[in-house]
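There are 2 protein chains.
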Amino acid sequence: MFFMKQNIYDNDTFFNGYSKLRENDGSANDLFEKPALFSLLPSLENKTVLDLGCGYGEHCIHYVEEGAKRVVGVDISKKMLDVAETENSHPNITYLNIPMEDIGGIRESFDVVVSSLAFHYVKDFEALVADIYRLLNDKGVLAFSQENPLSTCFTTGNRWTKDDNGNKLFANISNYSVDGERESTWFVDNVKKYHRTFSSIINSLIDAGFRIDRLIEPYPSPEILKKHPEHEDLLHKPDFLLVKATKVSGKF
Amino acid sequence: MFFMKQNIYDNDTFFNGYSKLRENDGSANDLFEKPALFSLLPSLENKTVLDLGCGYGEHCIHYVEEGAKRVVGVDISKKMLDVAETENSHPNITYLNIPMEDIGGIRESFDVVVSSLAFHYVKDFEALVADIYRLLNDKGVLAFSQENPLSTCFTTGNRWTKDDNGNKLFANISNYSVDGERESTWFVDNVKKYHRTFSSIINSLIDAGFRIDRLIEPYPSPEILKKHPEHEDLLHKPDFLLVKATKVSGKF
Numbered sequence: 001m002f003f004m005k006q007n008i009y010d011n012d013t014f015f016n017g018y019s020k021l022r023e024n025d026g027s028a029n030d031l032f033e034k035p036a037l038f039s040l041l042p043s044l045e046n047k048t049v050l051d052l053g054c055g056y057g058e059h060c061i062h063y064v065e066e067g068a069k070r071v072v073g074v075d076i077s078k079k080m081l082d083v084a085e086t087e088n089s090h091p092n093i094t095y096l097n098i099p100m101e102d103i104g105g106i107r108e109s110f111d112v113v114v115s116s117l118a119f120h121y122v123k124d125f126e127a128l129v130a131d132i133y134r135l136l137n138d139k140g141v142l143a144f145s146q147e148n149p150l151s152t153c154f155t156t157g158n159r160w161t162k163d164d165n166g167n168k169l170f171a172n173i174s175n176y177s178v179d180g181e182r183e184s185t186w187f188v189d190n191v192k193k194y195h196r197t198f199s200s201i202i203n204s205l206i207d208a209g210f211r212i213d214r215l216i217e218p219y220p221s222p223e224i225l226k227k228h229p230e231h232e233d234l235l236h237k238p239d240f241l242l243v244k245a246t247k248v249s250g251k252f
Numbered sequence: 001m002f003f004m005k006q007n008i009y010d011n012d013t014f015f016n017g018y019s020k021l022r023e024n025d026g027s028a029n030d031l032f033e034k035p036a037l038f039s040l041l042p043s044l045e046n047k048t049v050l051d052l053g054c055g056y057g058e059h060c061i062h063y064v065e066e067g068a069k070r071v072v073g074v075d076i077s078k079k080m081l082d083v084a085e086t087e088n089s090h091p092n093i094t095y096l097n098i099p100m101e102d103i104g105g106i107r108e109s110f111d112v113v114v115s116s117l118a119f120h121y122v123k124d125f126e127a128l129v130a131d132i133y134r135l136l137n138d139k140g141v142l143a144f145s146q147e148n149p150l151s152t153c154f155t156t157g158n159r160w161t162k163d164d165n166g167n168k169l170f171a172n173i174s175n176y177s178v179d180g181e182r183e184s185t186w187f188v189d190n191v192k193k194y195h196r197t198f199s200s201i202i203n204s205l206i207d208a209g210f211r212i213d214r215l216i217e218p219y220p221s222p223e224i225l226k227k228h229p230e231h232e233d234l235l236h237k238p239d240f241l242l243v244k245a246t247k248v249s250g251k252f
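As given, the protein sequences belong to chains G and F, one line each in that order. Under the working numbering, the first residue of the first sequence carries the number 1, and numbering increases by one thereafter. Under the working numbering, the first residue of the second sequence carries the number 1, and numbering increases by one thereafter.
The hints are simulated quantities; they were obtained by calculation from the structure and are not laboratory data. Treat the hints loosely; a few may be bogus.
Pairs count within a copy or across copies, as identical chains cannot be separated in the list.
Derived DMTMM-like pairs (lysine to aspartate or glutamate); straight-line CA-CA distance at most 25 Å [to be verified]: (1) Lys247 with Asp138; (2) Lys247 with Asp207; (3) Lys79 with Glu58; (4) Lys79 with Glu230; (5) Lys34 with Glu65; (6) Lys79 with Asp12; (7) Lys162 with Asp102.
Just need the whole structure built from these sequences, with the hints factored in.
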């Protein structure tokens with residue numbers, strides 16, 4: 001690997017801001033991303049699971065509760081895994097403190113690879129999905145969420161055009177067609193994200209040998225909007241993209 | 001079918017405006033959409049081809065030149081097919097003046113179904129892809145272009161945020177998450193288009209039994225930009241989405 005592996009999560013400012021965000025109820029993650037991600041998973045009964053960017057290990061524990069016989073949680077942040085070991089340890093879970101770019105060194109295979117909101121931090125998506133393909137058993141499932149391309153494309157300026165009362169009228173989309181690095185401020189300056197178009201993401205998975213099974217771009221139902229009107233802007237621009245893909249060996 | 005089949009192409013105002021557009025050289029269609037669509041096609045040597053929304057039949061003639069032994073060109077517009085019969089007739093081509101919604105009545109099967117910039121006028125996409133699936137031979141290919149979801153989502157207001165010199169800064173995206181009818185003005189008022197998100201389009205194809213093979217969202221290379229700087233806005237917002245999918249029988 002010839003590029004820097006980014007570990008913003010061990011920056012103190014970031015860590016504290018992120019911890020607060022995760023405590024909030026009614027977050028977009030809890031309401032939309034997590035249910036959508038879990039809906040893409042096959043039965044985990046007696047399965048082996050690799051969780052890429054596992055953070056505090058909350059999902060890892062959930063996968064064990066769903067019947068997984070072994071879960072490996074990978075994260076680049078030692079601080080996050082320290083919390084995971086304390087709060088979400090289990091005999092069936094192993095936490096591994098390596099960057100996602102190094103998972104090629106893992107010497108076991110998995111029935112399911114899952115990742116929540118981490119892939120947009122990885123520069124070389126082709127290398128990542130090639131690694132995942134190798135780590136999966138035949139007919140193994142990859143399910144991941146990432147920031148929606150309509151969010152990651154953002155380059156500079158204002159994210160929204162608002163009316164005089166501050167209501168969001170339009171999401172401002174710029175440079176959608178141009179894959180590559182984006183810098184943004186998320187608790188700390190210069191968090192690097194990597195924008196990829198819908199077609200780039202899907203084609204990379206297909207080229208690696210995956211069959212595309214399902215896409216989800218979650219948005220609020222009228223019922224959720226009534227309770228959480230603050231998420232109305234998801235009707236204009238989805239925050240998340242979720243993908244389910246299956247490893248299919250040979251020609252299909 | 002319980003909805004109106006739209007035939008804007010037989011409206012005189014529309015027909016004249018559209019004819020002029022198609023005469024232009026350096027149009028986005030010629031530079032981006034057509035090459036991308038043709039790049040998705042398999043060898044047509046000795047193949048049967050169904051062209052949905054064939055218009056003047058220019059593509060039909062091309063498919064014959066590429067070796068197709070039979071091409072059926074379907075269009076809702078009698079006026080367009082009159083031109084097609086005059087300018088692009090060939091013993092291997094049959095033109096058929098029916099709406100795309102009625103192709104279920106066609107009593108032959110095809111190796112390739114292709115469609116250029118027509119699907120966004122069809123209300124019931126699930127019914128359309130189910131019809132196409134039935135009309136395709138096993139391992140048959142569907143290749144189509146349509147307006148990009150970043151274009152079809154547009155509801156009201158201005159399509160672009162511009163700076164004081166009129167340069168396009170942002171594409172204004174609204175109601176992307178909300179599938180359904182959009183009205184717009186394209187030579188005539190109230191042309192009805194149907195917006196569908198990326199995930200809606202892809203999931204409908206998967207649910208119909210298709211394997212997704214390739215997506216393209218064309219944008220200009222630096223070389224093309226130098227010759228055609230007027231297409232720079234495609235870097236912000238692609239006009240087209242192209243999809244290649246294959247009919248795969250049974251479980252795969």
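Hints, one by one, checked against the model:
1. Both within a single protomer and between protomers do lysine 247 and aspartate 138 lie at most 25 Å apart by alpha-carbon distance, with minima of 6 Å and 22 Å respectively.
2. Within a single copy, lysine 247 and aspartate 207 get their C-alpha atoms as close as 11 Å, and across copies as close as 18 Å, so both meet the 25 Å cut-off.
3. In this homomeric assembly, lysine 79 and glutamate 58 come within 25 Å of each other (Cα to Cα) only inside a single copy, at 14 Å, whereas the closest approach across copies is 62 Å.
4. In this assembly of identical chains, the alpha carbons of lysine 79 and glutamate 230 never lie at most 25 Å apart, being 31 Å within a copy and 50 Å across copies at closest.
5. Taking the shortest Cα distances, lysine 34 and glutamate 65 sit within 25 Å of each other inside one copy (16 Å), while across copies they are farther apart (51 Å).
6. In this homomeric assembly, lysine 79 and aspartate 12 come within 25 Å of each other (Cα to Cα) only inside a single copy, at 9 Å, whereas the closest approach across copies is 68 Å.
7. In the homo-oligomer, the alpha carbons of lysine 162 and aspartate 102 never lie at most 25 Å apart, since the shortest distance is 43 Å inside one protomer and 43 Å across protomers.
Consistency with the previously given hints fails for numbers 4, 7, ordered from lowest to highest.
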